[in-house]
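S.K.: Read off the chains here:
Number of protein chains: 2
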Amino acid sequence: LFSNEEIMKMSVLQEINPNVRNMKPLEYSILAGRLSQIKEELRQGVKKPYQEVLDVYMGDPHKGGVKPLSFVRQVLAACLYPQLVNSSKLPADVRQRAQRLLGRCDGGSVGSYTATRGIPETLIRVSEFITRRDGGVPSNPENIFLSPGSQWSLSILHVLLNPESSPRNGVLSPVPCHNTTTMSVTGLGAVVVPYYLSEEQGWELQVEELHRAMESAKGVCNPIALYIVNPGNPDGHVQSRKSMQEVIRFVSERKLFLLADEVYQDYVFGENSEFVSYKRVLSEMGPPLSDTVELASFHSASKGWMGECGLRTGYMELVNLDPAVMKHIFTMFSTDTCAPVLGQIALDLMLNPPQPGEPSYPLYHMETQNIKNTLAGNGKRAVEVVNSLPGLCCQPLEGGAFAFPKVYLPPSFIQKAKEAGLEPDTFYCSRLLDEAGLLVGPGTEYGQKEGTYHIRFCILTSAEIMEEVLTRLTCFHKQFMKDFS
Amino acid sequence: LFSNEEIMKMSVLQEINPNVRNMKPLEYSILAGRLSQIKEELRQGVKKPYQEVLDVYMGDPHKGGVKPLSFVRQVLAACLYPQLVNSSKLPADVRQRAQRLLGRCDGGSVGSYTATRGIPETLIRVSEFITRRDGGVPSNPENIFLSPGSQWSLSILHVLLNPESSPRNGVLSPVPCHNTTTMSVTGLGAVVVPYYLSEEQGWELQVEELHRAMESAKGVCNPIALYIVNPGNPDGHVQSRKSMQEVIRFVSERKLFLLADEVYQDYVFGENSEFVSYKRVLSEMGPPLSDTVELASFHSASKGWMGECGLRTGYMELVNLDPAVMKHIFTMFSTDTCAPVLGQIALDLMLNPPQPGEPSYPLYHMETQNIKNTLAGNGKRAVEVVNSLPGLCCQPLEGGAFAFPKVYLPPSFIQKAKEAGLEPDTFYCSRLLDEAGLLVGPGTEYGQKEGTYHIRFCILTSAEIMEEVLTRLTCFHKQFMKDFS
Chain B
470 LFSNEEIMKM SVLQEINPNV RNMKPLEYSI LAGRLSQIKE ELRQGVKKPY QEVLDVYMGD
530 PHKGGVKPLS FVRQVLAACL YPQLVNSSKL PADVRQRAQR LLGRCDGGSV GSYTATRGIP
590 ETLIRVSEFI TRRDGGVPSN PENIFLSPGS QWSLSILHVL LNPESSPRNG VLSPVPCHNT
650 TTMSVTGLGA VVVPYYLSEE QGWELQVEEL HRAMESAKGV CNPIALYIVN PGNPDGHVQS
710 RKSMQEVIRF VSERKLFLLA DEVYQDYVFG ENSEFVSYKR VLSEMGPPLS DTVELASFHS
770 ASKGWMGECG LRTGYMELVN LDPAVMKHIF TMFSTDTCAP VLGQIALDLM LNPPQPGEPS
830 YPLYHMETQN IKNTLAGNGK RAVEVVNSLP GLCCQPLEGG AFAFPKVYLP PSFIQKAKEA
890 GLEPDTFYCS RLLDEAGLLV GPGTEYGQKE GTYHIRFCIL TSAEIMEEVL TRLTCFHKQF
950 MKDFS
Chain E
470 LFSNEEIMKM SVLQEINPNV RNMKPLEYSI LAGRLSQIKE ELRQGVKKPY QEVLDVYMGD
530 PHKGGVKPLS FVRQVLAACL YPQLVNSSKL PADVRQRAQR LLGRCDGGSV GSYTATRGIP
590 ETLIRVSEFI TRRDGGVPSN PENIFLSPGS QWSLSILHVL LNPESSPRNG VLSPVPCHNT
650 TTMSVTGLGA VVVPYYLSEE QGWELQVEEL HRAMESAKGV CNPIALYIVN PGNPDGHVQS
710 RKSMQEVIRF VSERKLFLLA DEVYQDYVFG ENSEFVSYKR VLSEMGPPLS DTVELASFHS
770 ASKGWMGECG LRTGYMELVN LDPAVMKHIF TMFSTDTCAP VLGQIALDLM LNPPQPGEPS
830 YPLYHMETQN IKNTLAGNGK RAVEVVNSLP GLCCQPLEGG AFAFPKVYLP PSFIQKAKEA
890 GLEPDTFYCS RLLDEAGLLV GPGTEYGQKE GTYHIRFCIL TSAEIMEEVL TRLTCFHKQF
950 MKDFS
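Chains as they are written, first to last, in the numbering used here: chain B, 470 to 954; chain E, 470 to 954.
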């Protein structure tokens, strides 16, 4: 039945952590392998219908041609190489800012470790930002942790999830959802309990569906947390206050910890959409809810208008946690010393941008407005083009950095995918990559209702790249529909 | 017996992950609290016998007055703010290097994500460095993972440790040892099996002690890995080839995974000491050992001569792992997207410094030689001064960034510590901080034989700061011995 080698492998794998064994590898790794091959072929002069590959798989604005913000880069460069602080080539406020930020670093160097939760003054700046954003709702710097990215913040689950509990702990998680969350929950030995966002209603979160999901967990696991992404990734929905209030009542009744991934809070462009934080809505609802619902909210330097994904820094704010539990969270975080220092500084800049009257303000304002307008324009244009194509259908986008259209795949194509050993939408993406040089994500990576297929692509790119993405998608898809119908 | 509030707390804590609950908080947090108070008091003008606190608790060279390397900072600044690439103020090789490194970043920006394991070209540079270092032993870039720091690399234990195994998995770990390792192992639900380094023999690792530790684990846990720190932290010992060969035979016989923390590989200054990597010794021993012993080796951008702790990047090389297990390791690492990009670039620079003939070479050479000489000088001076004091005794230092002298604490002092609710050596450190404004680490943080006490302090500081550290220690300790004998 099995070769000796196969039996060897099975026994080796038997010994590793079964929770890690259960983590489903990313579909991305299949496509990334092909991407490298194609790049290599292009380098070697192999002729293809495109000169270079467009990669809009991830939410990675700089990769998509969005330019970094000058102010942010100038301050960071001056912090790294302080001789620049005295250079007349940099605006005065950049130099002052760099000097002030360096003064908060031990030894005056961004090369020193910081306190575990982050530079104390930066924690205060983060809490002040949150208070401003939430119309005065107070934020305590002691509840804030700077971390190497918002995904990493999810390691708070390591504290909350008890691997020894029986039945296992569960986490209610949206479908579709940013894929690494599911992986993290599985890796920690907990069960992902899917709740489906309603595609027909523009990917709305419906509280009845949360109740259904809780029911579905009976006999399987004991849900202890609800994970929410707002604005949505990959779906682009922005929750209404009313929906958030329902969610808060739900987690309170069911005694669930609320994990709110709010990293796309700046990216809201729907005409009647507005970002409101869970912290704010919770506070507005008053006691007893505002004193009892346990909440963790995430934000990231990878997002906002600067989009500095490479710096790997985010923050987490914890609300209503028991001080005894906070101590254990602190202990767990202290094993990693601290978040990247340049990322901490970037976060400080992101939340405290130049103000009117300061020398850097006009350029900063122009650059961020451009990105804002481009994102809104790209969102509109993507929906328009996608919906003009047969077999593709995209819900209106209100926010976030992605489009997630449904794609109809004919049975003959699904058959071919099976023969290739790939999920049907991964196979679609793989052909799109091969034939049009365009890399997008398959819906199967993010979860979807059985029998439906989707693709995801980043819309936070330059307008030119967005246009080229849509052109390639259009050409490929029209030919695809001809070939398979 | 308990108040209502206490019972509430217990029940809340009951629900969290017991492995996290078992993580012992760092002694550092006790001392850091006091440090903040003192800093605040000094700011408010409270008179103390010192004007500022010297903090040599961590291995943090920039905090200790070591200057960052100009070449590294210039290249990083130019990568962040590429207008500088065209500035005539930067040496030509800096500008070329920055341009080449930026060419490897998607969208030409350090703000883009990289591949999960790191920038492909940088992985090749790392493998080339390893091959050079190890006298030609080949290194496969596919076995290298860039990570947010070497402590983070330890999350490979998350793959290796099976939380469901009975008895529990164990990890043999040295005493004394860098504290966060113990915390990580505990947090993953495994058992730390201590093996004691021999202080009397200059903190030598003795293989008989490894056998004793294995025996001690019987009925308690099933050891699956051996963790080694070479050069030693906090002990400053550098292992001999012979000792390493014994270790390799031991792990092979006992079927243990070998985790080699080799982040201090550059810091070797003992007259007859030399750093040799475990990978190299393993290769020299030939088959079957060289084909079968599973090894993970760690290095870090926080160490080396640049000491860029704030960038939070390191690498891990894996040797002899089953490809099926490698796949799962890759999947686990892919949840975190990638290591900080500026850290990846710094690592590239650290392993590929300027060469003779290049414009930046003379300054780079001078700066690194200065740090090298300072470290060796500090090590010698620290041992000399410490050993001249009654009740303090430091083994000769051969490498690493720390001194870890034994301190004799009189019974009357131990009694006072008990009354204060502190470990005796933490109490010693707390008084040293209060009275002399000097922050060092207590031995209890790193582990020590029962009934012995130690302190740890970083010797990778400027010569001036080292002298001031030793002066403060001397003054305090002389008074301390008067007061308590």
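Heads up, a few of these hints could be off.
Because identical chains share one entry, a pair is satisfied inside a single copy or across any pair of copies.
List of simulated lysine-lysine pairs, DSBU-like, C-alpha gap at most 35 Å [said to hold, decoys possible]:
(1) Lys724 x Lys508
(2) Lys796 x Lys493
(3) Lys687 x Lys536
(4) Lys687 x Lys875
(5) Lys918 x Lys885
(6) Lys536 x Lys951
(7) Lys558 x Lys517
(8) Lys508 x Lys918
(9) Lys711 x Lys558
(10) Lys687 x Lys508
(11) Lys536 x Lys508
(12) Lys687 x Lys711
(13) Lys796 x Lys875
(14) Lys536 x Lys724
(15) Lys517 x Lys711
(16) Lys711 x Lys516
(17) Lys841 x Lys724
(18) Lys951 x Lys687
(19) Lys796 x Lys517
(20) Lys947 x Lys711
(21) Lys918 x Lys558
(22) Lys508 x Lys711
(23) Lys796 x Lys516
(24) Lys796 x Lys918
Just so you know, the hints here were simulated from the structure itself, not pulled from any lab data. If you're wondering where the values come from, they're calculated on a predicted model, not measured in any experiment.
S.K.: Hint by hint, say whether it matches the structure.
M.R.: Structure-based check of all given hints:
| no. | hint | result |
| --- | --- | --- |
| 1 | Lys724 x Lys508 | neither (50 Å within a copy, 42 Å between copies) |
| 2 | Lys796 x Lys493 | both (32 Å within a copy, 11 Å between copies) |
| 3 | Lys687 x Lys536 | neither (49 Å within a copy, 60 Å between copies) |
| 4 | Lys687 x Lys875 | within (31 Å within a copy, 57 Å between copies) |
| 5 | Lys918 x Lys885 | within (21 Å within a copy, 66 Å between copies) |
| 6 | Lys536 x Lys951 | neither (38 Å within a copy, 65 Å between copies) |
| 7 | Lys558 x Lys517 | neither (44 Å within a copy, 43 Å between copies) |
| 8 | Lys508 x Lys918 | within (34 Å within a copy, 57 Å between copies) |
| 9 | Lys711 x Lys558 | neither (50 Å within a copy, 57 Å between copies) |
| 10 | Lys687 x Lys508 | neither (48 Å within a copy, 54 Å between copies) |
| 11 | Lys536 x Lys508 | within (23 Å within a copy, 41 Å between copies) |
| 12 | Lys687 x Lys711 | within (28 Å within a copy, 59 Å between copies) |
| 13 | Lys796 x Lys875 | between (45 Å within a copy, 31 Å between copies) |
| 14 | Lys536 x Lys724 | neither (44 Å within a copy, 52 Å between copies) |
| 15 | Lys517 x Lys711 | neither (51 Å within a copy, 57 Å between copies) |
| 16 | Lys711 x Lys516 | neither (54 Å within a copy, 57 Å between copies) |
| 17 | Lys841 x Lys724 | neither (38 Å within a copy, 57 Å between copies) |
| 18 | Lys951 x Lys687 | neither (46 Å within a copy, 68 Å between copies) |
| 19 | Lys796 x Lys517 | between (58 Å within a copy, 31 Å between copies) |
| 20 | Lys947 x Lys711 | neither (41 Å within a copy, 68 Å between copies) |
| 21 | Lys918 x Lys558 | neither (55 Å within a copy, 58 Å between copies) |
| 22 | Lys508 x Lys711 | neither (48 Å within a copy, 47 Å between copies) |
| 23 | Lys796 x Lys516 | between (60 Å within a copy, 33 Å between copies) |
| 24 | Lys796 x Lys918 | between (40 Å within a copy, 28 Å between copies) |
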